[in-house]
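Protein chains in written order, with the numbering used here: chain A, 18 to 120; chain B, 18 to 120; chain C, 18 to 120; chain D, 18 to 120.
Treat the hints with caution; some may be incorrect.
It does not matter which identical chain is used: a pair holds within one copy or between any two.
[As the list claims (entries may be wrong)] Restricting the straight-line Cα-Cα distance to at most 30 Å, the calculated cross-link-like pairs of lysine-lysine (BS3-like) are:
#1 K96 / K112
#2 K96 / K74
#3 K119 / K67
#4 K103 / K29
Don't read these hints as lab results, they were simulated from the structure.
There are 4 protein chains.
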Amino acid sequence: MLAELSVFPLDKGVEGLSRYVAESIRIIEESGLDYEVHALGTLIEGPTDKVFEVISKCHENMVLHSDRVVTYVKIDDRKGARGRIKGKVRSVEEKLGRDVPKG
Amino acid sequence: MLAELSVFPLDKGVEGLSRYVAESIRIIEESGLDYEVHALGTLIEGPTDKVFEVISKCHENMVLHSDRVVTYVKIDDRKGARGRIKGKVRSVEEKLGRDVPKG
Amino acid sequence: MLAELSVFPLDKGVEGLSRYVAESIRIIEESGLDYEVHALGTLIEGPTDKVFEVISKCHENMVLHSDRVVTYVKIDDRKGARGRIKGKVRSVEEKLGRDVPKG
Amino acid sequence: MLAELSVFPLDKGVEGLSRYVAESIRIIEESGLDYEVHALGTLIEGPTDKVFEVISKCHENMVLHSDRVVTYVKIDDRKGARGRIKGKVRSVEEKLGRDVPKG
Chain A
18 MLAELSVFPL DKGVEGLSRY VAESIRIIEE SGLDYEVHAL GTLIEGPTDK
68 VFEVISKCHE NMVLHSDRVV TYVKIDDRKG ARGRIKGKVR SVEEKLGRDV
118 PKG
Chain B
18 MLAELSVFPL DKGVEGLSRY VAESIRIIEE SGLDYEVHAL GTLIEGPTDK
68 VFEVISKCHE NMVLHSDRVV TYVKIDDRKG ARGRIKGKVR SVEEKLGRDV
118 PKG
Chain C
18 MLAELSVFPL DKGVEGLSRY VAESIRIIEE SGLDYEVHAL GTLIEGPTDK
68 VFEVISKCHE NMVLHSDRVV TYVKIDDRKG ARGRIKGKVR SVEEKLGRDV
118 PKG
Chain D
18 MLAELSVFPL DKGVEGLSRY VAESIRIIEE SGLDYEVHAL GTLIEGPTDK
68 VFEVISKCHE NMVLHSDRVV TYVKIDDRKG ARGRIKGKVR SVEEKLGRDV
118 PKG
């Protein structure tokens, strides 16, 4: 399945959230799952149980650093579909007949 | 922690999603966790691992019924806080000095 | 249409977000639209333009108080449907054959 | 401000949502705002009023095609910040000391 994850601490002020995001990226990287980073979250693709596992790991890791953690998850789970991180954007580009701005 | 969950099938058309929502509610009810239903999701409160477990169960159950499932999760995890499903709304009411419309 | 809104400042620490939520509620109340508060957001129902107007007002008001504002909006817009803040939950209760915990 | 938008019809079944996404991209492109497409949404950056305007246009356009439209918006509005679609990812890469997978 394909998921988008964003996890951030509410008690660190306005600056320097990128070092916390970097920690989540390290955890996702270690999972071995396909992923892609954008400005407001990270896309993760893989088997349902593995994706939920890495999501909860990222959340629990942030809880170690912060007294209040906000986590958002958006899942689009299409039966039998693979390679959707790139494939869904390509499919939109085919409909448009041109490339779109990407990360 | 406190989470909001919404899970729905994308291939069932415009009508009759309530029977799929009802299935999720049954799964949440069986978990024994505190929960509250509103028009655009269900709030669930409990230990992190238990809440993630019931979220993934609801998602996996919907996958049995649908070839494309969309799931949204919003988590607000505040250290040591309990009873927040009711408590957070009461806290806003105290600030306002009056009751607000609730479910 | 039916929308769920949550708006919060990222630079106020872990405590006392309820007074900021209370400000949003006041703005929504003044709009005259139907609304309902729960622990992780506020449901708002009304004509599309009015709902977007109140959402942007709540966001812009929070920007006056904070150097970093996070806003989440979830919309479920079903043609011709009214009274969905209460109606959708009732519909789930009919499917279940019993009441569910509400706000 | 920086926003992420996803808009989709609930009554078109499991296939062929990309043509609807393509319509939103066209509307965003015409706005002249900076944007970037990923597999689960489109990032849009610009002045608050312009971004809300294009979001409501995308939603209202989808309502023309569908009897039930679901729209999700995530906003991260940081005072005085610009160029965040690319800048936020670069900032994470600096913390990690390496590139991350991007779109």
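How the hints compare with the structure:
no. : hint       : result
1   : K96 / K112 : both (22 Å within a copy, 27 Å between copies)
2   : K96 / K74  : both (25 Å within a copy, 17 Å between copies)
3   : K119 / K67 : both (26 Å within a copy, 21 Å between copies)
4   : K103 / K29 : between (33 Å within a copy, 22 Å between copies)
Of the numbered hints listed earlier, not one is contradicted by the structure.
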